[in-house]
Amino acid sequence: MMARSRGLGLLSLVVWLPLALTGCSSGSTAAPVLITVEGPQSGSQASNGLDQLRGVRLAVDALNAHGGLWDGRKVAVVPVDDKGDEAKAMPAARQVVAKGIKFLIGPYNSSVGIANLPYYRRNQVLPLWMTSRDETAGVGATVQPMNTQIAPVEERYVKGIGAKRVAMLVDDTPNGAFTKGMATRLRAKLVQDGASVTWTSVRETSASGLPSTYYTGRVKKALTTKPDLVYVSTYFPEGIRIAKALTAAGSVPRCLMGLANVDAAFVAKTTLSQAQRCVFSGVPAAPQMPSAAGYVQQYRSAFGTTPGVWGSFTYDSASILFAAIDKAKSLDIGAVEQQLRRTKGFDGATGTITIDPKTGYRTSVPVSILRVNGSKHFVIVKLPPFIV
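Under our numbering, the first residue of the sequence shown carries the number 1, and numbering increases by one thereafter.
Treat the hints with care, since some could be wrong.
[As the list claims (entries may be wrong)] Here are the simulated distance ranges between beta carbons:
hint : residue 1 : residue 2 : range
1    : G217      : G304      : 35 to 45 Å
2    : Q192      : K344      : 34 to 44 Å
3    : P253      : P152      : 17 to 27 Å
4    : Q124      : S196      : 41 to 51 Å
5    : R300      : T354      : 39 to 49 Å
No wet-lab data here; the hints were simulated from the structure. The C-beta atom is built at its ideal place from N, Cα and C for all residues, glycine as well.
Using the sequences and the hints, build the whole thing.
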């Protein structure tokens with residue numbers, strides 16, 4: 001297993017595809033091994049997608065600087081932009097398969113993964129998926145929290161604060177497979193526990209024809225039921241507008257936002273009072289994770305900016321993939337997957353990683369209830385014992 005120092009060692013400049021394809025970075029004539037990073041690298045979720053791409057580039061650069069894979073071959077990154085849009089899922093996947101690439105990190109959006117992960121697997125591409133819907137599981141592995149691992153954290157919080165009337169604001173559009181799935185799962189549990197739950201649908205910010213008052217109206221509708229908790233299951237572009245509308249509404253109930261709102265762009269585009277209006281389920285950004293200190297330093301050095309939430313997860317995805325390839329001493333995806341699912345106690349930027357050999361899921365995920373602190377960083381909430 002690759003030691004953490006290999007992934008977080010001294011980095012050179014980021015390896016860009018044209019340079020890597022020539023083999024100039026190593027002096028080797030062997031063609032590099034190509035890996036794809038698929039995600040929303042443009043569009044409304046671009047901050048997420050670019051953070052993920054940078055995370056992989058750091059891992060690749062560290063690997064190449066330390067001699068490459070077991071046979072001395074270097075690795076090169078092929079970015080593929082799906083814009084977080086279900087309609088772009090298959091065109092993105094066909095690009096990858098047409099290039100003969102066998103290793104994939106991504107996609108990120110569950111709606112995209114539901115559409116194209118089966119195609120990847122049919123065409124012998126091994127994914128380290130970044131989606132969280134259980135429907136996207138299968139061949140490969142993930143270090144990302146899955147919805148069955150996130151939902152219990154949310155349920156414990158809602159029950160712990162004694163919420164009995166919950167109003168949900170949910171992105172249940174075709175691209176909202178993850179957000180709809182999380183809300184559906186939580187609603188079923190809460191109703192089973194005796195709570196009343198209402199559901200207000202929310203369209204995406206990119207939808208044409210939305211009036212400026214759209215989100216204000218959605219929030220107003222949700223609040224007509226006089227809930228004691230508002231649950232927001234959206235991606236962060238919608239969450240930004242809902243946080244603003246909730247703050248403008250004045251004295252309203254507690255609010256819990258889902259994991260897909262935890263993003264640097266959320267706090268960048270809200271005031272402190274708006275950002276602090278809700279708590280969140282999710283994982284803190286890399287600078288708030290002690291295990292990511294080395295990663296954060298190298299990220300800032302390479303890119304001149306602070307990392308977000310999900311780049312550290314793609315960094316770890318690439319790192320455990322390289323370790324599996326080295327252990328397999330092969331690029332055969334069956335042999336690599338077998339080693340990938342034997343990952344145990346790997347010291348990653350996101351903490352210790354062990355993969356369940358049966359499911360490919362990470363056995364312990366760093367999901368907590370978060371809040372935004374005075375410096376506009378997502379930090380873990382210290383909850384009373386009856387909630388934890």
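Hints, one by one, checked against the model:
Between G217 and G304 the beta carbon distance is about 40 Å. The supplied range of 35 to 45 Å therefore holds. Between Q192 and K344 the CB atoms are about 35 Å apart, so this pair conforms to the stated range of 34 to 44 Å. Under the hint 17 to 27 Å, the C-beta atoms of P253 and P152, about 22 Å apart, fit the expected range. For Q124 paired with S196, a C-beta distance near 49 Å keeps the hint of 41 to 51 Å intact.
Here the CB-CB span from R300 to T354 is close to 29 Å, at odds with the stated 39 to 49 Å.
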